[in-house]
Amino acid sequence: MIGNLTNTIEMIAAIVGNGFRALRRDRGALILSFILPIAFFSIFGTIFGGRGGGGTPRVSVLVVDQDRSTVSQRLIQSLLQEPSLDAYTHPEAKKGEPVPPDYTAASAEAAVKHGDSPAALIIPKGFGEHPIAFGPGADRTPIRLLHDSSDPVAAQMVAGILQKVVMTALPGAMAKLGMQYFEKASGGLTPQQRESIASAISRQPTPPSQTGPPGDTQLIALDVRDVVGEKHNSMIAFYAAGIGVMFLLFTASAAGGSLLDEAESGALDRILSSRVSMTTLLAGKMAYSALLASAQLTLMFLWGAAVFHLDLFTHVPGFIVMTAATSFAVASVGMLLASVSHTRAQQGAISTLIILTMSAIGGSMFPRYFMPETMQKVGLLTLNAWAIDGYTKVFWRDEPILNLAPQVAVLVGGGIVLFLIARRFARRWEYS
Amino acid sequence: MIDNMIPLRIGSVVKRFGGLTAVSGVSLDVGERACLGLLGPNGAGKSTLIRSIAGRVLPDSGTIRVFGQPAGSPAARAELGWVPQDLALYPLLTCRENLEAFGRYQGLRGKALSGGVAWCLEWAALADRANDTVKTLSGGMRRRLNMAAGLVHRPRIVLLDEPTVGVDPQSRNRIFEMVEELRAKGATIIYTTHYMEEAERLCDTIAIVDHGHVIAQGTKEDLVAQAFGGRSDVLMRFASTVQNAAAWAVERGGTLEDGAAHFAVEKPTDIGPLLDAAIRDGLEVIDVVLRRPNLESVFLQLTGRDLRQ
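Protein sequences appear in the order of chains A and B.
Letter 394 of the first sequence, counting from 1, is numbered 394 in the working numbering, and no numbers are missing.
Each number in the working numbering comes from the position in the second sequence (counting from 1) with 432 added on.
Just so you know, these hints were derived from the structure itself, not from any lab.
A hint or two may mislead.
Claimed, not checked - Quick list of in silico lysine to aspartate or glutamate cross-link-like pairs, EDC-like style, CA-CA up to 20 angstroms:
| no. | chain 1 | residue 1 | chain 2 | residue 2 |
| --- | --- | --- | --- | --- |
| 1 | B | K567 | A | D223 |
| 2 | A | K95 | A | D116 |
| 3 | B | K567 | A | E264 |
| 4 | B | K567 | A | E262 |
| 5 | A | K113 | A | E97 |
| 6 | A | K164 | A | E92 |
| 7 | A | K377 | A | D26 |
| 8 | B | K567 | B | E612 |
| 9 | A | K113 | A | D311 |
Predicted model, so just to flag it, every value in this text is computed and none were measured.
All chains, please: the whole structure from these sequences, using the hints.
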């Protein structure tokens with residue numbers, strides 16, 4: 001009985017030992033088992049944990065002062081000092097050029113529409129006279145909040161932070177309003193008392209830059225408006241592009257991997273002994289991969305149109321341009337992944353690592369505007385980010401095709417560069 | 433004969449892989465309609481030589497010309513049909529689709545392509561399986577399709593690299609018939625194998641390759657005559673109890689392979705003295721065979737090793 005048990009344990013130990021020995025010699029499996037989880041842990045940690053990204057993500061907001069009163073200037077000063085916001089009163093100056101003029105209501109709205117910032121606050125004329133009020137229906141001049149609803153979080157954050165800033169930025173207005181309520185309730189103050197209180201209110205210091213937790217007392221009236229447009233299911237185009245590109249990359253990797261299958265079976269040798277050159281073969285593989293990617297993206301967007309009411313049919317030209325550029329770029333990544341790998345297993349491991357990393361930081365898994373600024377910039381190194389930005393321009397911002405030039409240039413240019421690198425690596429298959 | 437009339441001319445080809453010299457100064461001329469057998473053990477350099485002819489291996493030195501054109505050039509590729517040792521096919525495509533694909537890779541279009549495909553399907557006896565995917569075919573059928581895929585463009589020179597590896601005897605016979613049909617149609621064939629019976633049956637000239645060198649070349653009769661003259665091969669087996677058979681065989685000019693002593697004798701009556709010597713020395717002989725040497729004997733004689741080693 002004990003002998004049998006010992007034998008069984010020894011057999012199990014042998015099986016375990018063989019498993020580890022095989023794993024040690026299979027680099028692909030080793031990478032998938034250990035390096036991939038660590039890589040992803042690090043990526044998500046950096047995105048959400050703030051490490052290397054400068055802490056909590058800040059919301060960008062443009063501020064327009066139409067009131068030009070002391071109160072409005074004090075409010076703007078507080079908004080500029082607010083650590084949760086990146087507030088701008090004018091566009092950033094280019095190097096060596098003078099500071100551009102302040103935003104106007106029109107230029108701020110255009111900037112939000114263009115996607116430069118997810119929100120803009122316009123402080124209207126007369127705001128300083130009645131900046132705040134307690135309770136609904138009170139007499140106050142509303143601040144206009146223009147926003148881009150493709151970033152559903154930004155507008156809510158700006159609104160909340162604005163209420164908090166008012167509490168701390170305008171103590172004088174708060175006290176004045178409080179005194180008015182007190183007078184109404186107490187039956188009036190003597191002229192001396194009123195003068196003494198007014199003097200104290202005017203001596204209130206400028207608010208400190210750091211304040212307590214945000215409040216939601218709705219002291220300030222907000223006139224909120226989505227300037228990009230009323231759209232159904234605004235995020236569908238984003239997810240179709242984001243998820244689509246990620247899966248396209250996997251498909252392109254598999255399609256490129258057929259090169260490795262053919263190299264292993266000997267078919268590649270036979271093909272290259274015919275009149276087909278290596279460049280022709282790679283171009284053919286890439287064309288197949290790009291066409292497959294186009295078909296996949298088309299199907300995804302058609303599904304989005306049929307099921308989620310995505311407005312595909314009024315954006316056909318932009319969709320075609322972005323789909324062609326994205327498919328080309330994705331196919332080139334597939335070619336490169338295949339040509340740098342020596343075996344299918346190796347290609348599988350490298351592809352999984354690179355594609356998931358690109359998708360995480362490029363915004364395929366969650367929007368880049370949720371990420372710290374540094375990560376948003378790093379994301380621009382991925383084709384996912386450029387593809388998603390392009391599709392967002394088409395489906396969300398209704399921008400003309402010419403405005404897709406930066407995205408198309410990066411995707412096509414990047415695709416050409418990756419193809420040339422893949423061609424260079426493929427030289428090892430040409431001759432022995 | 434002018435250079436561009438000679439189907440294949442190989443001059444002093446050398447190919448090294450790191451420290452290993454796979455092909456060492458091989459020179460060969462192959463005439464029109466000839467069938468040259470490259471006979472040698474695994475690792476002798478046959479496949480490297482074939483791949484060099486097909487333009488897939490760049491020799492370190494030497495020249496290879498196909499009808500006067502350098503190997504690997506488009507003109508040379510058009511004249512060559514290479515059947516690699518591996519099953520170099522698309523497993524998810526049908527027989528017809530595979531042949532069409534490889535035909536297009538050779539630049540065939542229209543009737544030339546459909547005619548080439550139809551001929552290949554008939555030649556490989558796969559017409560009734562034309563629309564079946566490769567993965568549903570038997571091993572022998574896959575081998576035949578592998579051969580056909582190299583010939584869909586009707587090349588004048590056919591390179592067959594061990595086409596019968598891993599096939600059953602029936603399929604092997606079918607492949608022999610296919611090669612014989614090619615010969616009858618006037619193709620020039622270079623056939624690598626380490627099976628001497630294949631070389632004997634199919635090839636009119638044979639080059640014996642070992643360690644990258646062509647160590648002998650000629651018809652089977654030439655090779656036997658070169659190695660053995662008019663001598664015959666005597667094979668003598670002993671009882672398993674015999675301990676010193678090897679030393680005994682070597683003393684009398686023979687060798688011991690697989691427990692059997694091999695001797696070359698000028699005439700059959702020379703067996704008598706060998707038997708007398710064995711009895712005198714106390715060796716228990718259990719079997720004696722007298723045979724004319726074959727290519728395997730030639731190889732053993734030239735290299736001291738068995739073809740299948």
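Taking the hints in turn, this is what the structure says about them:
Between K567(B) and D223(A), the direct Cα distance comes to roughly 68 angstroms. Violation of the 20 angstroms bound is thereby established for this hinted pair. Our distance criterion of 20 angstroms between C-alpha atoms is met by K95(A) and D116(A), whose separation comes to about 18 angstroms. A hinted pair counts as satisfied when its Cα atoms are at most 20 angstroms apart, and K567(B) with E264(A) qualifies at roughly 16 angstroms. Between the alpha carbons of K567(B) and E262(A) the distance comes to roughly 15 angstroms, so the proposed pair stays at or under 20 angstroms and holds.
Pair hint K113(A) plus E97(A) does not hold up; C-alpha atoms about 25 angstroms apart against a cutoff of 20 angstroms. Annotation: proposed proximity of K164(A) to E92(A) is violated, straight-line Cα distance about 26 angstroms (limit 20 angstroms). In summary, the hint linking K377(A) to D26(A) is not supported, as the alpha carbons are separated by about 35 angstroms, beyond the 20 angstroms threshold. Simply put, K567(B) and E612(B) have alpha-carbon atoms about 27 angstroms apart, too far for the 20 angstroms limit, and the pair is violated.
Straight-line distance between C-alpha atoms of K113(A) and D311(A) comes to about 18 angstroms, which keeps the hinted pair within the 20 angstroms bound.
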